[in-house]
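Spelled out, the chains give:
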Amino acid sequence: MSAPVVNPTDPLADLLQEGVVEVAVLEEVLGRALQGGGDFAEVFIEDRASTAVHLDDTRIEELTSGRLRGAGIRVLSGDATGFAHTADLSPAGLLEAAAAAASAARGGGADTKVIALSNRAGTPQLVMIAPESVAKERKVELLHIADAAARGRGDAIKQVSATYADSRRRILVANSDGVLATDGRVRTRFMVQCVAVGDTGMQTGTDAPGHTQGFEFFDAINPELVATTAADRALTLLRARPAPTGKLPVVLRRGAGGVLFHEACGHGLESDLVGRDASVFRGSVDQMVASPLVTVVDDGTYELGWGTSAIDDEGTPVARNVLIENGVLTDYMWDLTRARKNGRASSGNGRRETYQDLPMVRMTNTYLVAGDSDPDDIIADTEYGLYCAALGGGQVNTATGDYVFGVTEAYLIENGEITDPVRAAQLIGNGLDTLRLVDAVGNDFDTWAGTCGKDGQGVPVSAGQPTLRVSELTVGGTARG
Amino acid sequence: MAEIPIFDIAQRVVATARTGEQIEAYVARSRHTEVAVHAGAVESLTVAESAGVGVRVLLGDRQGFAWAGSLDSAIIDDAVAAARDNATFATPDAALAFAAPADVSGPVAELDLWRDDILATDTDAKVAHALAVEQATLAADPKVRAVESAHYGDSASEMVVLNSLGVHASKRSSMCSVSTHALAGEGGATRTGYGFSAGRAFADLDLEIAAADAALRAVRLLGSEQPATTNLPVVFDPLVTRSILSLIGSALSGEAITKGRSMFVGRAGEVVAAPMVTLTDDPTDAAAFGAAGYDSEGVPTRRAELIKNGVLTGFLHNIVTGRRSGTGTTGAAVRGGYATTPGVGARALSLVPGAAGPTEIMRAAGDAFYVQSVSGLHSGTNPVSGDFSVGAEGLMIRNGEWAEPIREVTIASTLPRMLKEITAIGSDLTWFPGGAAGLTMLIGEMTISGS
Chain D
1 MSAPVVNPTD PLADLLQEGV VEVAVLEEVL GRALQGGGDF AEVFIEDRAS
51 TAVHLDDTRI EELTSGRLRG AGIRVLSGDA TGFAHTADLS PAGLLEAAAA
101 AASAARGGGA DTKVIALSNR AGTPQLVMIA PESVAKERKV ELLHIADAAA
151 RGRGDAIKQV SATYADSRRR ILVANSDGVL ATDGRVRTRF MVQCVAVGDT
201 GMQTGTDAPG HTQGFEFFDA INPELVATTA ADRALTLLRA RPAPTGKLPV
251 VLRRGAGGVL FHEACGHGLE SDLVGRDASV FRGSVDQMVA SPLVTVVDDG
301 TYELGWGTSA IDDEGTPVAR NVLIENGVLT DYMWDLTRAR KNGRASSGNG
351 RRETYQDLPM VRMTNTYLVA GDSDPDDIIA DTEYGLYCAA LGGGQVNTAT
401 GDYVFGVTEA YLIENGEITD PVRAAQLIGN GLDTLRLVDA VGNDFDTWAG
451 TCGKDGQGVP VSAGQPTLRV SELTVGGTAR G
Chain B
1 MAEIPIFDIA QRVVATARTG EQIEAYVARS RHTEVAVHAG AVESLTVAES
51 AGVGVRVLLG DRQGFAWAGS LDSAIIDDAV AAARDNATFA TPDAALAFAA
101 PADVSGPVAE LDLWRDDILA TDTDAKVAHA LAVEQATLAA DPKVRAVESA
151 HYGDSASEMV VLNSLGVHAS KRSSMCSVST HALAGEGGAT RTGYGFSAGR
201 AFADLDLEIA AADAALRAVR LLGSEQPATT NLPVVFDPLV TRSILSLIGS
251 ALSGEAITKG RSMFVGRAGE VVAAPMVTLT DDPTDAAAFG AAGYDSEGVP
301 TRRAELIKNG VLTGFLHNIV TGRRSGTGTT GAAVRGGYAT TPGVGARALS
351 LVPGAAGPTE IMRAAGDAFY VQSVSGLHSG TNPVSGDFSV GAEGLMIRNG
401 EWAEPIREVT IASTLPRMLK EITAIGSDLT WFPGGAAGLT MLIGEMTISG
451 S
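Those protein sequences? They're chains D and B, same order as listed. So in the numbering used here the end of the first sequence lands on 481, straight run, no missing numbers. So in the numbering used here the end of the second sequence lands on 451, straight run, no missing numbers.
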């Protein structure tokens, strides 16, 4: 059903053609930004168009179109960053923002710098079906299909809501090192939430896959399957008993537990937190920080990953970065600011939610690499424990390593077999401990798409992992002891 | 950028209304400053302005929405066209309506939420505040080894709602804060503490309180350990109470109720909490950070009584949920900004305070777990089932006195049970940013999961 490849478009050519920017203006703006004596200046231009269609209770409740366009300009002067942003992309608007950013980062020398930009071509995204070329009727239809499929799971499914969302984000980065880089990314997502009602009350179940991909996303993702997955999660919880409390072995199903490693170690490996002495992983490079079974990678190039792009939001090409290899901490993740301070190169992890935000060190697609064990053997080898099939959100205090996250679908493991579903559990642990306690890693793999929040900025990320076991985690259930 | 009055922008959008359709424009603009400092130096300084427009079009019973994060007239025109097109795909809904003159005839609270000194204070003074709060945190206790980050932030915001039925509301407000994160202890034994001070005016900020809170909160957790699993009474710190009230407030929103997504569905008139519990949302109280004279649909706000002496007495509504439930709007429409349609939410939730102060509550509790902070509140609570299980850290209270610090536990119960098991409400009511006031609160018993 896919049309021939019509994309890639060249985002820079688009922006130039639409008269959004001119290279000569960018050069002038960068020169102006450095007039106050800064060491480095950057212009970041973003143009984002998004569509969302929301179905609730069988009705198309809302169809939203959004458009965001503007520029963020930053100036680095010593260790200080000055930042200003504007929605006014005229030469005058950009120059005014440049002056504001420059005055915010005072100090340093006052050489006049002449900036000459040269285009750094990234790998363009291949979009088979541009979402904006698909009729809104079709997007509406997918939601009705999902609604019917979820309700088809039984009368206990009392409410279904579903959302279709797509976005096209084009960015341009120009900086005083002469870098001119652009990228365009199309993302598509489909989410279903169900409420099931039974004797035990109300329960909810959700599923929300997303890819950095065009509308051909639906060649791989079946809306009916998303809907029945969400419905079955809610139905399972209806017959679930309260989760046990205390320390238990925990088996995480492939894809379900990536968020655990995102929280437990990913954030602590962000070099801005390390540099601020707010990470338990500070000073641990080349040290054994995890079980030898653990290899963790952050990979901005991961095919179709929710956190995938060609360049990061500072114009650095993204990469597959190994963070922990066979238990040994190999490197942190870096953005331009932290890399400059440390006299090294950025790892392509400088990301920002919008042009209105300063870039920070952020994860992209973070995953624990598959091992050798058969997932069935891992379960069979667990006498009593918790099997987590889906997790909700989580949170970590990077300075202490303590993290917590919610379990949304889980079962008991009794005598090596998955038995009763349990509900309402939180897993709580410490990242350093958890990494050391991984004692079995499966040979399967899956990923999960979500939004990672840090200092108020949300960016799309994915997390992945094979089925694996942590020998001991604290489970906080509601079963009264 | 040339300053165009946002009312003019709203008027231009609304003027495009065609026969048979209604248009509403919500225009927001804010200026903000943000300073981050670390180790005595400025890390970043942001001075910026954000603005945007949200456009709703009603074609009979169908609604379309579009937003533009820009005041560029071509982009706004595109948004109006997109909203109009989007409406044709929506399912008709007889409850949909914009605020009509009859909805806005009630009294409007006269609130002065704007202080000129935020825009008048120069950036150097703001930077100095961030540096000073960091320094004060280090000086507050010798056990504070570092400050993870210290911030100053402010915003001066204005918004206009205008619709083709002739309803017009505008408001402006200012707000500023300093915050600091103290680090105490080494390596895996590190503990962190957060402190802040917020106000409408620059002059309201109290750096010493922010610093002292951050230091105290980090230092008193030093040496904390994971306890054995047990059931205990729990004392919530005012900041934790604030977060829990916000959760309860969202379950009392007309949106959750009319969609059946709340533990309070069908419970009106029933006892849902201990007799001492009276919960209100009063955006007309200027002391609340969420105070507002008008809601996000242009309807005057008012005091809503949600729970009185333990009995569920009311819900919060915007125009749509008010029409759907038959009770009318309570002026509780909220928007997350120009990029969202109006939802329903509390702006100024508070419990009517009790007579006892925090120390008396602690004494009365005997043996209990004092919860200083919680984590995973969003993933760990379910406003539909009421299940509640979150990560927590704090201190034990033994014989009414502070005892050993606790880490890495979860506390669990259900929200309905917690409401009924409230056994003391403090007298220490404090307004915090975030739509609710905090105070010390004692809950009869919760499951503490540790080792």
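Any given hint could be a false lead.
Claimed, not checked - Computed cross-link-like contacts, DSS-like style, restricted to lysine-lysine with a CA-CA straight-line distance of at most 30 Å:
id	chain 1	residue 1	chain 2	residue 2
1	D	158	B	143
2	D	158	B	171
3	B	308	B	259
4	B	420	B	308
5	D	454	D	341
6	D	136	D	158
7	D	341	B	143
8	D	454	B	143
9	B	259	B	143
10	B	143	D	136
What the hints assert, rightly or not - Derived, one-sided and incomplete: chain D residues facing chain B with beta-carbon distance under 8 Å:
id	residue
11	153
12	154
13	155
14	317
15	319
16	330
17	400
18	471
19	476
FYI, nobody ran anything at the bench for these hints, they're computed from the structure. A virtual CB, placed ideally from N, CA and C, is assigned to each residue, including glycine.
Evaluated hints:
Restraint check: the Cα-Cα separation between residue 158/D and residue 143/B comes to about 55 Å, which exceeds 30 Å; the hinted pair is violated. Distance hint between residue 158/D and residue 171/B is unfulfilled; the C-alpha atoms sit about 40 Å from each other, more than 30 Å. Restraint check for residue 308/B and residue 259/B: the C-alpha separation of about 24 Å stays at or below 30 Å, so the hint holds. Of the supplied pair hints, the one linking residue 420/B and residue 308/B holds, its CA atoms being roughly 13 Å apart against a limit of 30 Å.
Proximity of residue 454/D to residue 341/D is assessed by CA-CA distance (about 21 Å); at most 30 Å being required, the pair is judged to hold. A threshold of 30 Å between alpha carbons decides the hint, and for residue 136/D with residue 158/D the separation of about 27 Å falls inside it, so the pair holds. At roughly 28 Å between alpha-carbon atoms, residue 341/D and residue 143/B fall within 30 Å of each other, so this suggested pair holds. Under the criterion of a C-alpha separation no larger than 30 Å, the hint pairing residue 454/D with residue 143/B is consistent with the structure, at around 27 Å.
Note on residue 259/B and residue 143/B: the hinted pairing is violated, with a Cα-Cα distance of about 51 Å set against a maximum of 30 Å. For the suggested pair residue 143/B and residue 136/D, the alpha carbons sit about 60 Å apart, so the restraint of at most 30 Å is broken. Of the supplied interface hints, the one on residue 153/D is violated, with its beta-carbon coming no nearer than about 18 Å to a beta-carbon of chain B, more than 8 Å. Interface hint status for residue 154/D: violated, as the beta-carbon distance to the closest one in chain B is roughly 17 Å, over 8 Å.
At its closest, the beta carbon of residue 155/D sits 15 Å from a beta carbon of chain B; the interface hint therefore is violated under the 8 Å criterion. For residue 317/D, the suggested interface contact is broken, since its CB lies about 24 Å from the closest CB of chain B, more than 8 Å. The interface hint given for residue 319/D is broken, as the beta carbon of that residue sits about 25 Å from the closest beta carbon of chain B, more than 8 Å. Interface hint at residue 330/D: violated, since its Cβ lies 20 Å from the closest Cβ of chain B, which is beyond the 8 Å cut-off.
Taken as an interface hint, residue 400/D checks out: its beta carbon lies about 5 Å from the nearest beta carbon of chain B, inside 8 Å. The restraint placing residue 471/D at the interface with chain B is violated, with a minimum CB-CB distance near 14 Å, outside the 8 Å limit. Satisfaction of the interface hint for residue 476/D is found here, the shortest Cβ-Cβ separation to chain B being roughly 2 Å, below the 8 Å cut-off.
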